[in-house]
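Student: Below, each chain spelled out in residue letters.
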Amino acid sequence: MVPNDRKYTRDHEWVMVEGSIAKMGITAHAAEALGDIVYVELPAVGDETTAGESYCVVESVKASSSVFSAVTGTVVEVNEELDGAPEMLNEDAFGNFIAAVEFTEINEAELMDAEEYEKFCEEEA
Amino acid sequence: MDELKKTPLYEAHIALGGKMVDFGGWALPVQYTSIIEEHKAVRSCCGLFDVSHMGEVFVEGNSAFDYIQNLVTNDITTMTPGRCRYAVMCYPDGGAVDDVLIYKFADDRYMLVVNAANTAKDIDWMKQNVMGDVVIRDESPLWAQLALQGPRFEEVLRAAGYEGEIPAKNYTFTENNIVAGVKCLVSRTGYTGEDGVELYCAAEDAMKLHAALMEAGKPIGMLPCALGARDTLRFEASMPLYGHEMSAKINPVECGVDFAIKFKKPAFIGRDELIKPAARKRIGLKVVKGLAREHMPVLANGVEVGFTTSGGPAPSLGGNYAMALVDVNVPDDAEWTIDVRGRQLPCEKVELPFYKRG
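Same order as they appear, the protein sequences are chains H and X.
In case it helps, the numbering used here puts the first sequence at residues 626 to 750.
In case it helps, the numbering used here puts the second sequence at residues 15 to 372.
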């Protein structure tokens, strides 16, 4: 279920690192917990992100949830498709990134691999 | 969740996979599968809600009529037995104690259906204002209430084995109907903006009635529906929710429920204040892009003129909307925005209700 080609945060975000670019999104577990997602307040290209701080707000029918960045850096790409089709995060959370960030800092020690993340979700439940 | 109150249908919610939440001290499902799917089922087919948390307060005695006339904003003079009427109970300053649905059984016997979280407060208020020969009795724990809402509700009732008269007109009710062997009071009422009924039965019969209606609705695609859809449905139909569009600090005139306020009635609690011109009014806004929720500042031409009372998606219409309480003097053609976390989201002012049944 949880792809092992990326890392995970304790706030249920995923981050996939390729060179100096980190692609980030939310996990299927997060999307499931949020319920129907109806709007994604995307960051803009050029925005600065700070590891551990919010860079995006996901709105479900019932609640607003901050999405936290796993890295410090600059947004170089956002998934504009989410603008018109936020439900894509419910349909395929791992297949749809929110933003790609060219990062200067990543706190690897805070991140979990797929196996650790699955265990973390089980413990949380 | 153990300390929370449970409705007689708690086990049914668990069995149906309901996502349980603390709703004003009650353990109730916020959704079963998807709020949007449940919402759409009610608009296009039918949905079944547990609203047993609502309070049922009986008012009886020779002074019951005079007592209620004084207690609420609406006029019950024209009510005959078998009718329901929406009204608001106000404080002397016009603020709302609660909005209620009045059922008339006889000149000396009425039932007031009140909001769950307000039940204790309402009963205190009702007792404080007792006059003449009247008895206030809280029967909330004895009753279960199911709301069967959507254009195909009647098919579901028939399929469940309905013996009795289905109330034909909106805001009427019939008693002693037998549905799947369970005795029910059935009213042509609801809180979704859709056609439908609400069924009241003894708490101990609730599981049986719920199971029978679920079974009867299955072939046509009826869904069990929960609080999340109840809120999006009432929001889309722009029905006020106590604590949001109306409260002790937002009176019913500001809320815009003029149809339920009868100034022709010479006296009722709050009348002297409510009759004065209101400084604020409830309006509808369509958010062009983005999403606003409650308690966000509303600006007209860059000046703060009020706040949102509810906000979110309108699943049947598409797009995101908000209801807001604003200064009455703002012209409609102002440039409206809602301040969402410091960003000004442009809005179009639109008529209420957002959704009207076709």
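What the hints contain is simulated information worked out from the structure, not anything from laboratory work.
The structure presented is a predicted model; accordingly, all values stated were derived computationally and were not measured.
Heads up, a few of these hints could be off.
Stretch by stretch, here's where chain H covers chain X in the computed footprint (C-beta under 8 Å, at least three residues) [what the hints assert, rightly or not]:
| id | stretch |
| --- | --- |
| 1 | 43–49 |
| 2 | 300–307 |
EDC-like cross-link-like pairs, simulated, lysine to aspartate or glutamate; straight-line CA separation at most 16 Å [unchecked claim]:
| id | chain 1 | residue 1 | chain 2 | residue 2 |
| --- | --- | --- | --- | --- |
| 3 | X | Lys303 | H | Asp708 |
| 4 | X | Lys33 | H | Glu657 |
| 5 | X | Lys303 | H | Glu705 |
| 6 | X | Lys276 | X | Asp80 |
| 7 | H | Lys687 | X | Asp245 |
C-beta: ideal position from N, C-alpha, C; glycine also.
Student: Indicate, hint by hint, whether the structure satisfies it.
Tutor: Here's how the hints hold up against the structure:
1. Given a C-beta distance limit of less than 8 Å, the hint that chain H covers the stretch 43–49 of chain X holds, as 4 residues qualify and 3 suffice.
2. Residues of the stretch 300–307 of chain X lying with their CB closer than 8 Å to a CB of chain H number 3, which satisfies the three-residue condition for coverage.
3. Our distance criterion of 16 Å between C-alpha atoms is met by Lys303(X) and Asp708(H), whose separation comes to about 9 Å.
4. About 11 Å separates the Cα atoms of Lys33(X) and Glu657(H), which keeps this hinted pair within 16 Å; it holds.
5. For the suggested pair Lys303(X) and Glu705(H), the alpha carbons sit about 14 Å apart, so the restraint of at most 16 Å is met.
6. This hinted pair checks out: Lys276(X) and Asp80(X) have alpha carbons roughly 15 Å apart, not beyond 16 Å.
7. Of the pairs offered as hints, the one joining Lys687(H) and Asp245(X) holds, with about 9 Å between alpha carbons and a cut-off of 16 Å not exceeded.
Violated hints are absent here; each numbered hint is respected by the structure.
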